[in-house]
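**Student:** Keeping the supplied structure of chain A fixed, place chain B upon it in accordance with the hints.
Chains as they are written, first to last, in this note's numbering: chain A, 1062 to 1469; chain B, 1062 to 1469.
No lab work stands behind these hints: they were computed from the structure.
Each hint should be verified, as a subset may be incorrect.
Each pair may be met inside one copy or between any two copies, as identical chains are not told apart.
[As the list claims (entries may be wrong)] Derived EDC-like pairs (lysine to aspartate or glutamate); straight-line CA-CA distance at most 20 angstroms:
{"no.": "1", "residue 1": "K1409", "residue 2": "E1353"}
{"no.": "2", "residue 1": "K1429", "residue 2": "D1127"}
{"no.": "3", "residue 1": "K1409", "residue 2": "D1425"}
{"no.": "4", "residue 1": "K1303", "residue 2": "E1189"}
{"no.": "5", "residue 1": "K1303", "residue 2": "D1358"}
{"no.": "6", "residue 1": "K1412", "residue 2": "E1086"}
{"no.": "7", "residue 1": "K1429", "residue 2": "E1405"}
{"no.": "8", "residue 1": "K1412", "residue 2": "E1457"}
{"no.": "9", "residue 1": "K1409", "residue 2": "D1286"}
{"no.": "10", "residue 1": "K1429", "residue 2": "D1210"}
{"no.": "11", "residue 1": "K1412", "residue 2": "E1453"}
{"no.": "12", "residue 1": "K1226", "residue 2": "E1088"}
{"no.": "13", "residue 1": "K1429", "residue 2": "E1151"}
{"no.": "14", "residue 1": "K1412", "residue 2": "E1116"}
{"no.": "15", "residue 1": "K1412", "residue 2": "E1359"}
{"no.": "16", "residue 1": "K1226", "residue 2": "D1266"}
{"no.": "17", "residue 1": "K1303", "residue 2": "D1109"}
{"no.": "18", "residue 1": "K1226", "residue 2": "E1302"}
{"no.": "19", "residue 1": "K1226", "residue 2": "E1309"}
{"no.": "20", "residue 1": "K1303", "residue 2": "D1225"}
{"no.": "21", "residue 1": "K1303", "residue 2": "E1113"}
{"no.": "22", "residue 1": "K1429", "residue 2": "D1440"}
There are 2 protein chains.
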Amino acid sequence: MSSIEQVRSADVTLTVTVGGQPLAEREVTVAQRSHQFLFGCTAFELVDGLPEGDERQQRLADLWLDLFNFATLPFYWGRFEPVRGQPATERLRAAARWLVDRGCVVKGHPLAWHTVTADWLLELSNEEIAQAQVDRIRREVTDFAGLIDMWDVINEVVIMPIFDKYDNGITRICRELGRIPMVRMVFDAAREANPHATLLLNDFDMSAAYECLIEGVLEAGIRIDALGLQSHMHQGYWGEEKTLSILERFSRYGLPIHFTETTIVSGHLMPPEIVDLNDYEIDSWPTTPEGEERQADEVVRHYRTLLSHPSVEAITYWGMVDGGWLGAPGGFVRTDGTPKPAYEELHKLIKGEWWLAPTTMVTDAHGKLRVSGFPGEYDLTVGDATASFRLEAPGEAAVEVTLAPEAV
Amino acid sequence: MSSIEQVRSADVTLTVTVGGQPLAEREVTVAQRSHQFLFGCTAFELVDGLPEGDERQQRLADLWLDLFNFATLPFYWGRFEPVRGQPATERLRAAARWLVDRGCVVKGHPLAWHTVTADWLLELSNEEIAQAQVDRIRREVTDFAGLIDMWDVINEVVIMPIFDKYDNGITRICRELGRIPMVRMVFDAAREANPHATLLLNDFDMSAAYECLIEGVLEAGIRIDALGLQSHMHQGYWGEEKTLSILERFSRYGLPIHFTETTIVSGHLMPPEIVDLNDYEIDSWPTTPEGEERQADEVVRHYRTLLSHPSVEAITYWGMVDGGWLGAPGGFVRTDGTPKPAYEELHKLIKGEWWLAPTTMVTDAHGKLRVSGFPGEYDLTVGDATASFRLEAPGEAAVEVTLAPEAV
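This is chain A alone, in the form it adopts within the complex (with noise of 0.2 angstroms):
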């Protein structure tokens, strides 16, 4: 067994029953429907362009659909406010309809962020650059309950009042506030406004400094509901050692970890000498046959690592289709849309390794059969009759499964 499956794996005694009797020594299909844990993508794409009638769009649209549950939709201030009072709720509401009729989690993304925030805030003062953000986060915590009930609440805090390329909003309030009361405004915030969402603190800082950060904050009393890691990997896989360091590390507070904002490029490598990765401007940066088969190798094993730690609930990859952020070949989908090496290993991971497919089994004498599986939805189907089940949380459990009689 490997340690993914020890880490993982719910195994159940189900009981099949109908009409309140066992229901013995039958053939039964079982089949995974849905993954508990969050595999997760941007879907930025989506916001603009809704794959209906677009040929293109719908190929994408499928292929998302089949590797992923998870959506991070872009709530950037910049873009999603440029004139103040004119926000993109409809546009964004229509995306995250879409995807939550097709039984995705959609999160948003960020509400507090230094970097593409409201250039307007420039214009206020300190005290209105609070209060702005305040309402803020009410105002699309509380327009998307319902659709949306997990955020990226705050991004890169570690960072964000020493941030010096350009002046904005946020690192100046920041800056007067300091770092704690600017999260424990935040979440204040958007706890208020929606108080059964999973709130998410959320960095690229993997050093001591983000370590130190969250122990302020929850020694400060703020609730986090899970804590974001991102890992661009622009400049080579960080390997598995590294990344179970990281693991161990962030784990000690017992609690979720997201691994928020992944990437790992099909193409040549960003130089290691570059700090800030939006320093590197290139032309152009393609994806190469062997950078292709380089990056399936690392995302098979990226994921792996990650799914062999228990604190791992979900991990989001950082845009499907190459070109996105910096141009980079980091993408599972090359930009004329076939799929690349990743894709297929992942899926191969997602919809296989770790998928039960319909399986067909028998029940025993007492109606009662042994499944295992990754937490996740279910389906047992015998002739026309179909119930659900949920694989709730890895380990041994017991299970009813209770079938229509008259299907059967």
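**Tutor:** Only chain B this time, still in chain A's reference frame:
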């Protein structure tokens, strides 16, 4: 007026009186006796080698006392109490007494640190280690109160719980408790043992990690009296820009800043790829003539930069004589006991440019006189009569100096 003078200069109107009457139109001599600014250095050599009867020791002591007014003494637990219950209290007390008798402020370093800590902690449970740590702090802070009223309470907390070079008791408890509860525990113990002590948090990590730690500690309501910033520059002088940027970032908390550990070498530089300075082991690291010129220049620039910032209240140089930590030529004095250019140049600042040598002036018809100088103690002499006065703080002030009538 240089920025150092703007920041440091106390500009006072003295009124000199004798028997209640202004001492009008008389020649007086004003001379500085001491600096309020703490120009410090380690004095580890004194713990086992007080200069009684030893000519070389006496010469070194004279050099030390002519430049510095602030000493750091070693309280590394593993050396202070290598056998549990047998602390080196008396040896340290003798050294502290010797320094205090010569007008120095003395600081103990450190009360809690994962490096050079007591090996016997490894035999204890975490609860017992924590208790031993608290007891140790209470004992030292109580035993030395009055002689040592300033402590580096805890050292290098940023890496303390993730330090992985070897197992040690302090990393164990910091990992279990978390950084902030660890800081609270040791500060509470020190504060309780000596409510009048100046208590420092000290770190070498000048990144956002230390900022995040400080913000968490302050948000948690733990009182820190001064922030300790290390500046070991075995790999090269930081330069003004980096130093000023660090000062800007760490002065945001409104706390006094102590540069607690400064090294600038007068030999070749340690290669930049070394991450933990302790990993650099070489047979011989000589001082060189070119290196000594460079060191003198950089020492002057470093001290000028630090004195130009109003938050800095102390600078401790890490070893007056070559061959201390790492065997580095980081001293102001060669192993043969002769001072390097850095000693001479720093002396020209501390006892020259930043010092009021005996100066003859004349009081006006109202016994008044203008004096400008760094905060510290001064003597005013008329004939055989001398009175002391203090310049307390930078800026304008009025001070009355009263001479005894019989001697004037």
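**Student:** For each hint, tell me whether it holds in the structure or not.
**Tutor:** Okay, the hints, checked on the actual structure:
| no. | hint | in the structure |
| --- | --- | --- |
| 1 | K1409 - E1353 | within (16 angstroms within a copy, 64 angstroms between copies) |
| 2 | K1429 - D1127 | neither (32 angstroms within a copy, 90 angstroms between copies) |
| 3 | K1409 - D1425 | neither (32 angstroms within a copy, 95 angstroms between copies) |
| 4 | K1303 - E1189 | neither (42 angstroms within a copy, 33 angstroms between copies) |
| 5 | K1303 - D1358 | within (17 angstroms within a copy, 41 angstroms between copies) |
| 6 | K1412 - E1086 | neither (29 angstroms within a copy, 99 angstroms between copies) |
| 7 | K1429 - E1405 | neither (36 angstroms within a copy, 90 angstroms between copies) |
| 8 | K1412 - E1457 | neither (23 angstroms within a copy, 77 angstroms between copies) |
| 9 | K1409 - D1286 | neither (30 angstroms within a copy, 58 angstroms between copies) |
| 10 | K1429 - D1210 | neither (37 angstroms within a copy, 74 angstroms between copies) |
| 11 | K1412 - E1453 | within (18 angstroms within a copy, 75 angstroms between copies) |
| 12 | K1226 - E1088 | neither (65 angstroms within a copy, 58 angstroms between copies) |
| 13 | K1429 - E1151 | neither (49 angstroms within a copy, 77 angstroms between copies) |
| 14 | K1412 - E1116 | neither (24 angstroms within a copy, 82 angstroms between copies) |
| 15 | K1412 - E1359 | within (18 angstroms within a copy, 62 angstroms between copies) |
| 16 | K1226 - D1266 | within (17 angstroms within a copy, 22 angstroms between copies) |
| 17 | K1303 - D1109 | neither (37 angstroms within a copy, 45 angstroms between copies) |
| 18 | K1226 - E1302 | between (33 angstroms within a copy, 16 angstroms between copies) |
| 19 | K1226 - E1309 | between (32 angstroms within a copy, 16 angstroms between copies) |
| 20 | K1303 - D1225 | between (29 angstroms within a copy, 14 angstroms between copies) |
| 21 | K1303 - E1113 | neither (43 angstroms within a copy, 55 angstroms between copies) |
| 22 | K1429 - D1440 | within (15 angstroms within a copy, 98 angstroms between copies) |
The structure fails hints 2, 3, 4, 6, 7, 8, 9, 10, 12, 13, 14, 17 and 21 (numbered hints given earlier, in ascending order).
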